[in-house]
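A.B. asks: All chains should be modelled from the sequences, with the hints used to inform the complete structure.
2 protein chains.
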Amino acid sequence: MLRRWAPLARLLAAAPAAADDLRASVRAWRQANEAQVVRELAAFLALPNLASDTAGIRRNAEHASAMLARRGITTRLLETPGSPPAVYGELNAPGARRTVMVYAHYDGQPVDPSAWATPPWTPTLRAGTLEDKAAAVDLATLSRPIGGEWRLYGRSASDDKAPIVVAMAALDALRHAKRPLSVNLKFFLEGEEEAGSAHLQALLEAHRALLKADLWLLCDGPVHQTRRPQVYFGVRGVMGVEVTLYGPVRALHSGHYGNWAPNPAVEMAHLVASLRDPEGRILVAGFGDDVRPIAPAERDALRSVPPVEDELKGELALGRTEGEGATLAELILRPALNVRGLESGKVGSAAANAVPVEAHASIDFRLVPDQTPAGVREKLEAHLRGLGYHVVHETPDAATRRAHPRLVKLEWGPGYKAARTPLDQPAGLALVRVLEQGAGPIVKLPTLGGSVPMHLFGDVTGAPVIGLPIVNHDNSQHAANENVRIQNLWDGIEAFAAVFVGLGSAWPPP
Amino acid sequence: MLRRWAPLARLLAAAPAAADDLRASVRAWRQANEAQVVRELAAFLALPNLASDTAGIRRNAEHASAMLARRGITTRLLETPGSPPAVYGELNAPGARRTVMVYAHYDGQPVDPSAWATPPWTPTLRAGTLEDKAAAVDLATLSRPIGGEWRLYGRSASDDKAPIVVAMAALDALRHAKRPLSVNLKFFLEGEEEAGSAHLQALLEAHRALLKADLWLLCDGPVHQTRRPQVYFGVRGVMGVEVTLYGPVRALHSGHYGNWAPNPAVEMAHLVASLRDPEGRILVAGFGDDVRPIAPAERDALRSVPPVEDELKGELALGRTEGEGATLAELILRPALNVRGLESGKVGSAAANAVPVEAHASIDFRLVPDQTPAGVREKLEAHLRGLGYHVVHETPDAATRRAHPRLVKLEWGPGYKAARTPLDQPAGLALVRVLEQGAGPIVKLPTLGGSVPMHLFGDVTGAPVIGLPIVNHDNSQHAANENVRIQNLWDGIEAFAAVFVGLGSAWPPP
Chain C
1 MLRRWAPLAR LLAAAPAAAD DLRASVRAWR QANEAQVVRE LAAFLALPNL
51 ASDTAGIRRN AEHASAMLAR RGITTRLLET PGSPPAVYGE LNAPGARRTV
101 MVYAHYDGQP VDPSAWATPP WTPTLRAGTL EDKAAAVDLA TLSRPIGGEW
151 RLYGRSASDD KAPIVVAMAA LDALRHAKRP LSVNLKFFLE GEEEAGSAHL
201 QALLEAHRAL LKADLWLLCD GPVHQTRRPQ VYFGVRGVMG VEVTLYGPVR
251 ALHSGHYGNW APNPAVEMAH LVASLRDPEG RILVAGFGDD VRPIAPAERD
301 ALRSVPPVED ELKGELALGR TEGEGATLAE LILRPALNVR GLESGKVGSA
351 AANAVPVEAH ASIDFRLVPD QTPAGVREKL EAHLRGLGYH VVHETPDAAT
401 RRAHPRLVKL EWGPGYKAAR TPLDQPAGLA LVRVLEQGAG PIVKLPTLGG
451 SVPMHLFGDV TGAPVIGLPI VNHDNSQHAA NENVRIQNLW DGIEAFAAVF
501 VGLGSAWPPP
Chain U
1 MLRRWAPLAR LLAAAPAAAD DLRASVRAWR QANEAQVVRE LAAFLALPNL
51 ASDTAGIRRN AEHASAMLAR RGITTRLLET PGSPPAVYGE LNAPGARRTV
101 MVYAHYDGQP VDPSAWATPP WTPTLRAGTL EDKAAAVDLA TLSRPIGGEW
151 RLYGRSASDD KAPIVVAMAA LDALRHAKRP LSVNLKFFLE GEEEAGSAHL
201 QALLEAHRAL LKADLWLLCD GPVHQTRRPQ VYFGVRGVMG VEVTLYGPVR
251 ALHSGHYGNW APNPAVEMAH LVASLRDPEG RILVAGFGDD VRPIAPAERD
301 ALRSVPPVED ELKGELALGR TEGEGATLAE LILRPALNVR GLESGKVGSA
351 AANAVPVEAH ASIDFRLVPD QTPAGVREKL EAHLRGLGYH VVHETPDAAT
401 RRAHPRLVKL EWGPGYKAAR TPLDQPAGLA LVRVLEQGAG PIVKLPTLGG
451 SVPMHLFGDV TGAPVIGLPI VNHDNSQHAA NENVRIQNLW DGIEAFAAVF
501 VGLGSAWPPP
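Note that the protein sequences, when read in sequence, are chains C and U. FYI, in our numbering the residues of the first sequence are 1 to 510. FYI, in our numbering the residues of the second sequence are 1 to 510.
Hints in this document: simulated from the structure, not taken from any laboratory. Computed from a prediction, not measured in an experiment: that's the story for all the values here. Among these hints, one or two may not hold up.
One copy or two, either will do: identical chains are not told apart, so a pair holds if it fits within one copy or between any two.
DMTMM-like, lysine to aspartate or glutamate: derived pairs with alpha carbons at most 25 Å apart [unchecked claim]: (1) K212 x D459; (2) K409 x D277; (3) K133 x D474; (4) K133 x D112; (5) K409 x E315; (6) K133 x E90; (7) K133 x E394; (8) K178 x E436; (9) K409 x E131.
C.D. replies: Structure (structure tokens):
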């Protein structure tokens with residue numbers, strides 16, 4: 001492959017100096033406008049953004065649309081029946097031969113406000129981390145520079161509003177430096193990614209022409225744990241299921257009826273234990289049948305991923321890891337079964353000596369190519385039938401409960417499959433080159449552990465899809481006290497600016 | 001044994017007619033005073049009675065003491081350092097040669113108010129059951145008769161305030177009928193039974209002379225599921241433990257870290273599954289070593305227990321029972337391990353795709369003779385060590401978590417052992433005879449499934465201890481919407497009256 005790029009390599013020999021200039025001017029703009037950038041993000045984070053909150057989601061879409069419009073981007077809201085609006089934007093570069101689509105999502109994961117130090121939609125800047133008990137800083141009256149290790153706390157601070165604001169800041173910096181874009185830009189900001197992207201395919205299909213691009217850049221997920229920039233060429237798919245088992249219709253005194261009335265919490269323990277072992281191995285028969293073997297280029301790229309395991313174990317106070325010593329980057333190339341919740345009866349001071357009436361487990365699966373949600377569902381249900389369970393998908397009535405010694409209710413989320421773009425594809429090679437001119441060697445991940453519906457972008461638009469994440473890994477994404485590290489915003493602005501200015505010339509002609 | 005009682009049997013040949021007279025006059029009094037009895041119970045149920053609520057517990061003790069005093073019972077509150085007060089009472093019968101102690105407890109189990117149809121300490125009379133959507137009836141203005149199938153809802157309606165009020169009503173009925181007591185009565189009403197009776201032994205020992213009696217009657221637990229009266233000669237012991245497992249110190253995105261960061265919910269499933277199987281068999285090595293074999297008289301008594309399993313399975317919508325077909329009465333002669341709660345992460349609409357930080361299981365054990373709480377603790381901890389767990393009893397710091405690949409925190413409740421009085425003991429034979437004269441054949445249970453600290457009464461006072469329960473089995477004891485069935489109050493008044501009037505003469509001379 002290298003021979004083919006040799007003329008291009010010569011062409012780019014002078015590029016590092018140009019990249020340095022660009023970086024210096026973007027940085028100078030940022031240093032002069034730090035509070036403004038963080039305030040723009042905080043204003044966006046102040047809008048509650050659960051996909052289930054229709055009115056709130058629309059306020060977010062209109063807010064994002066206005067942010068784009070302020071940069072001269074032509075915007076419109078794209079909708080299909082029942083969908084939250086997606087924000088679409090277009091910014092053409094005179095003479096550019098390529099179009100790059102920037103994807104992010106503006107909705108956020110559900111919250112448990114009682115677990116947050118400050119309310120999830122009250123963005124709070126701290127001069128460090130909560131773990132270090134850093135004090136909150138009043139953003140409205142802030143006059144000093146903002147430290148790179150400061151954090152901004154709030155739902156979606158990282159996942160996934162930060163990249164939207166960072167892209168806008170990059171455009172502001174380029175306009176100030178009078179540096180032209182080398183590619184046409186399009187934007188597609190989704191409003192239900194955290195709820196499973198149920199309408200994404202319909203949206204993409206309904207607006208196929210509008211959404212045509214030569215590369216989709218997915219600005220979701222974190223940079224590497226070493227804080228080095230990374231790009232990812234794939235993502236895992238995702239699938240969720242709520243599992244319910246039934247005990248007696250009313251809670252029973254555990255002395256009078258315990259070890260006679262079936263205990264659903266005990267049954268759930270056995271059910272969950274039958275699904276996977278403590279090392280993460282999935283025990284469902286045939287679960288790995290559809291797993292595509294790792295390509296040689298992917299295995300090569302794994303070797304470029306810096307080790308992070310020991311540091312993470314310290315940071316997370318872990319006495320062990322799953323996977324029998326495999327690295328994190330290796331493990332996320334495999335499918336996963338995560339128990340995200342267990343609930344039955346009561347524990348601690350609320351515990352009563354009773355046989356619980358129900359037991360619940362909430363499970364999310366991570367899929368790899370070429371697994372499908374339908375295949376996962378079929379295999380799990382076959383596994384449970386093999387254990388003697390009668391599987392239902394609606395709440396069973398008393399007659400159904402009487403009729404089946406083992407009865408399980410499964411409520412499946414929609415889910416979607418994984419995706420992986422080949423690592424030796426021209427757009428990807430150009431993207432890596434431009435980023436490495438700016439920031440030195442970056443991490444090239446064959447797949448990210450997390451899930452975005454990357455497969456749809458490729459399947460519907462036919463374009464290559466590559467992930468360009470911005471935010472820190474230690475952002476408590478999906479949990480309480482989600483945050484973004486300020487230096488990641490600054491680095492992100494430089495990365496986006498480098499891509500917007502440099503990608504067009506680094507990319508071989510069509 | 002029968003030969004020995006032959007003279008007594010002749011003496012009692014005329015007794016059934018006398019028993020009928022007594023029952024008729026007690027019933028007539030009750031029919032004239034139904035609302036008054038239920039109102040007295042409701043007033044008692046209106047007092048919050050968690051053992052942890054010191055002020056509330058004292059209000060209950062004073063209220064109970066006043067109820068006793070209104071019947072001419074000499075009362076005092078017994079206390080030891082740190083204990084809630086126990087209510088003690090004494091009512092002597094001129095010429096009586098025997099003294100019977102009536103035990104009940106006035107504290108109640110913890111509540112989850114959100115699960116109650118009406119607040120736990122707002123007693124609510126309904127003209128039937130909640131399940132049948134029976135309407136609430138205003139007790140204050142009630143003028144019609146109270147149906148036997150009506151229910152009074154409230155925490156401790158059955159467990160265990162009803163027997164206290166029923167005993168008072170029996171005394172009122174006897175006074176009205178001018179029927180003298182045949183035994184001296186004493187009362188001991190405990191205030192922390194549901195919290196593990198931590199001070200009971202100290203109380204009994206401190207007041208050993210005062211608490212001397214020839215028979216302790218434990219008025220806790222329910223009558224048989226067929227609604228037939230029953231007495232029980234033993235109880236299971238009890239022991240509780242809170243189990244905590246640890247994942248990462250902060251919740252982690254399940255895509256980026258799932259199947260690398262250890263999932264404590266999965267580990268908990270494996271831990272719980274290692275403790276017992278879905279049939280109720282305890283898998284902890286040596287757990288059954290201390291179990292005393294069933295005596296022949298106990299096995300005989302089992303045959304007199306009517307089958308209830310099929311009806312209960314229908315009522316509870318059960319598709320199976322644990323114990324591989326053994327009867328309920330057989331199963332409660334065995335030790336039991338009940339998982340009363342599981343909690344990790346979140347389920348349902350609150351579920352987020354994250355690796356949980358902790359997993360909790362709450363377990364209660366039921367012990368049989370001659371198991372001890374210390375033995376249970378030792379065996380469980382040895383079992384967990386055998387699985388590779390490092391066992392701690394306090395919340396571990398980060399260094400401890402880092403140092404141990406498998407780490408479990410166990411927080412043990414105090415617990416107490418089981419007890420069983422021989423079935424062929426004179427006081428028991430007399431009690432059964434008196435009750436059967438009034439109500440026909442009763443159920444004689446070698447042991448109740450539930451737990452009261454019966455062993456302490458026997459160990460400290462040396463008296464035989466027999467259970468005489470009053471309340472219905474379907475009372476949602478220990479759970480939401482606890483209730484008492486009104487007919488059980490009426491039957492209880494007649495049973496207590498029969499014992500108070502008849503036991504002295506049915507009992508062979510000392």
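A.B. asks: Now, for every hint given, state plainly whether the structure supports it.
C.D. replies: Cross-check of the supplied hints:
With identical chains, the CA atoms of K212 and D459 are at most 25 Å apart within one copy only, with a shortest distance of 12 Å there and 85 Å across copies. In this assembly of identical chains, K409 and D277 lie within 25 Å of each other by CA distance both inside one copy and across copies; the values are 22 Å within and 21 Å between. In this homomeric assembly, K133 and D474 come within 25 Å of each other (Cα to Cα) only inside a single copy, at 16 Å, whereas the closest approach across copies is 52 Å. Taking the shortest alpha-carbon separations for K133 and D112, only the intra-copy value of 21 Å comes in at or below 25 Å, while the best inter-copy value is 34 Å.
In this assembly of identical chains, the alpha carbons of K409 and E315 lie at most 25 Å apart only when taken from different copies (21 Å versus 38 Å within one copy). For the identical chains of this complex, K133 and E90 are neighbours neither inside a copy (42 Å) nor across copies (61 Å), given an alpha-carbon limit of 25 Å. In this assembly of identical chains, K133 and E394 lie within 25 Å of each other by CA distance solely across copies; the values are 24 Å between and 46 Å within a copy. Taking CA atoms no more than 25 Å apart as the test, K178 paired with E436 passes inside one copy only; the shortest distance there is 23 Å, against 103 Å between copies.
Taking CA atoms no more than 25 Å apart as the test, K409 paired with E131 passes between copies only; the shortest distance there is 23 Å, against 40 Å inside one copy.
In this structure, the one hint that does not hold is number 6.
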